[in-house]
Amino acid sequence: MGDQLNALTTIFTEFYYWVTIVIMFLIHVGFCTYEVGVSRRRNHLKTLMKNAMAIPLVTVTFFFFGWWIYFAFPNGPGIMGGLIPAPFAEAWNPLMGPHLSGVNPTETGVTPADALIWHRLNGVFWGAFLLFSITTASIVSGSIIERARSGAFWIIAVLLGSVLWILDAAWGWHPQGWMVKLWGYHDAYASGVVHAIAGGAALAFLIVLGPRIGKFRADGTPRDLPPHNTWLVCIGLFLIYTGFWGFYAACNIPLISPATIAGQITGDTWTATNIYLAPTTLSAITFNFLMALSGGMMGGYLISKGDPFWTFSCGLCGVIAASAGNDLYHPIQAMLIGAIVPAICYKLHYYVERRFKIDDAVGAVAVHGYGGFLGVVVAGFMLWGQPSSPYEGFAHINPLGNFAGACLMFLLGFIPTLIACKIMNGMGLLRVPAKVELEGVDFAINQAFEASVREVGTAEKAMIK
Amino acid sequence: MSTNGMTSWAVDLKDVGAIYPFQGWEVVLVILGFAFWIGWHIVQTRQENAEIAADMKADRSGDETRSAIDRYY
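Protein sequences appear in the order of chains A and B.
Under the numbering used here, the first residue of the first sequence is numbered 1, with each subsequent residue one higher.
Under the numbering used here, the first residue of the second sequence is numbered 1001, with each subsequent residue one higher.
Hints listed in this document are in silico derivations from the structure and should not be mistaken for laboratory results.
Check before you lean on any hint, since a few could be wrong.
[Stated by the list, open to error] Ranges of calculated distance between the beta carbons of each label pair, as one might list FRET restraints:
id: 1; chain 1: A; residue 1: Ile79; chain 2: B; residue 2: Val1030; range: 40 to 46 Å
id: 2; chain 1: A; residue 1: Leu48; chain 2: B; residue 2: Leu1013; range: 46 to 52 Å
id: 3; chain 1: A; residue 1: Gly267; chain 2: B; residue 2: Gln1023; range: 17 to 23 Å
id: 4; chain 1: A; residue 1: Phe381; chain 2: B; residue 2: Asp1070; range: 29 to 35 Å
id: 5; chain 1: A; residue 1: Pro56; chain 2: B; residue 2: Gln1047; range: 41 to 47 Å
id: 6; chain 1: A; residue 1: Gly306; chain 2: B; residue 2: Glu1026; range: 29 to 35 Å
id: 7; chain 1: A; residue 1: Lys465; chain 2: B; residue 2: Met1056; range: 53 to 59 Å
id: 8; chain 1: A; residue 1: Leu116; chain 2: B; residue 2: Ile1038; range: 22 to 28 Å
id: 9; chain 1: A; residue 1: Gly76; chain 2: B; residue 2: Gly1017; range: 52 to 58 Å
id: 10; chain 1: A; residue 1: Gly457; chain 2: B; residue 2: Val1043; range: 53 to 59 Å
id: 11; chain 1: B; residue 1: Leu1013; chain 2: A; residue 2: Phe63; range: 32 to 38 Å
id: 12; chain 1: B; residue 1: Ile1038; chain 2: A; residue 2: Gly306; range: 17 to 23 Å
Backbone N, C-alpha and C fix where the C-beta goes; we use that ideal spot for every residue, glycine too.
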């Protein structure tokens, strides 16, 4: 009976994560829709492809080394110990492919214990984390539209999606991560580990890249470059909201027994947990996701005076701001955090644009970077003194730990991206030439399209009797 | 000190109730939430009044309106 219950739990967990992956794909439909809506017509197709190709590039690299980083690096390494062996996550391990619960005599690198746990879970866990990875990379994409070279973005997408974010996840989003153990870092739904790091990376990219031609007047004041299709932009954000449900569900373990957690929890009550294996419920995140979203949209509507782009963006920012503590907040707390933080981020976006001449085409640095950063900081105060983990000896959640964690997340995105962008800029690989930017990056595609239209039209007209 | 009263997960989950911070302040939270909701309607109405007033002052000749109608906007 016990074996059957364990098997059922494993298969339920496998199916649960598989569903979250499908739902999370909508985030990327949303990102593509949103970016194309913001870009001008002469840049549509390259904008679409720039974002879309992050999906396969991050996927293959996350298979090769990203997944392994998550399990190998929780100690730093060098902060609490060395690299942790994680053979089941190595790209050449038989468990990184179709596998059942046994071990063939010829298999190397697979223990019976690993096979029992990972044969059904490795692919779906990998897939769920991969979708977080692609999301992290995609966040940068929208900021840099209409002048960044696609190839430069794709290098940053791999760096961010398959190295940097998963490194910070190993540190601060793993049950044994050193930030959780030593700092009491708490970031249940990834305000910092996904959004702040991506915002930091986007800001670094924008600093090196520079603004779009025409963005700033001769006196340095910014011009508005309105989205070519605001309706499409809002639909894109709506799709991101929808995909975000999968993101939230995938941050939980759906069903686990106290014995399996092997921490301090006593009794026999099975539970869902957050990523740190601390108890939570799907009801908690349903309450808080919707209330934070609502707070963000209501606050965003007022601060932007009903601007559709910013109302939707602030809704997203509201969720991001509350995400660090949405396993534990009261729904009204989530709503108020979701209302206040996006209003601050909205103001910061325009301040930074005016003061530092940063041309963030979609406001990603504000929505994800500042929103994620502030969300982690707020959680440190709101959840002060609570246990960060079900295991003994971990630091409790505290403001200093979360503030330091938020800084680390932002800088882990900012500094490596700044260096990589400066190198690419020095090699002439970061930005398209001004002539190409003015023509539009789709110029050749559009010329070919018009030539085809003319030729087909001429041929068809010749057949009219 | 802990904002939800828990300092450890060394408990039997069947004995644990609410886990959100600042328990006992629910009524205050609801009042704050209510104030936010009512305040939202007040501010939104003012903003919309100002927007409509600006629209009323615009396009006195009606040319832009006729143009929009012609373009089926």
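Consistency of the hints with the structure:
no. : hint                              : result
1   : A:Ile79 to B:Val1030: 40 to 46 Å  : holds (44 Å)
2   : A:Leu48 to B:Leu1013: 46 to 52 Å  : holds (47 Å)
3   : A:Gly267 to B:Gln1023: 17 to 23 Å : holds (22 Å)
4   : A:Phe381 to B:Asp1070: 29 to 35 Å : violated (57 Å)
5   : A:Pro56 to B:Gln1047: 41 to 47 Å  : holds (45 Å)
6   : A:Gly306 to B:Glu1026: 29 to 35 Å : holds (32 Å)
7   : A:Lys465 to B:Met1056: 53 to 59 Å : holds (57 Å)
8   : A:Leu116 to B:Ile1038: 22 to 28 Å : violated (56 Å)
9   : A:Gly76 to B:Gly1017: 52 to 58 Å  : violated (38 Å)
10  : A:Gly457 to B:Val1043: 53 to 59 Å : holds (54 Å)
11  : B:Leu1013 to A:Phe63: 32 to 38 Å  : holds (36 Å)
12  : B:Ile1038 to A:Gly306: 17 to 23 Å : holds (18 Å)
The structure fails to meet hints 4, 8, 9 from the earlier list, while all remaining hints are met.
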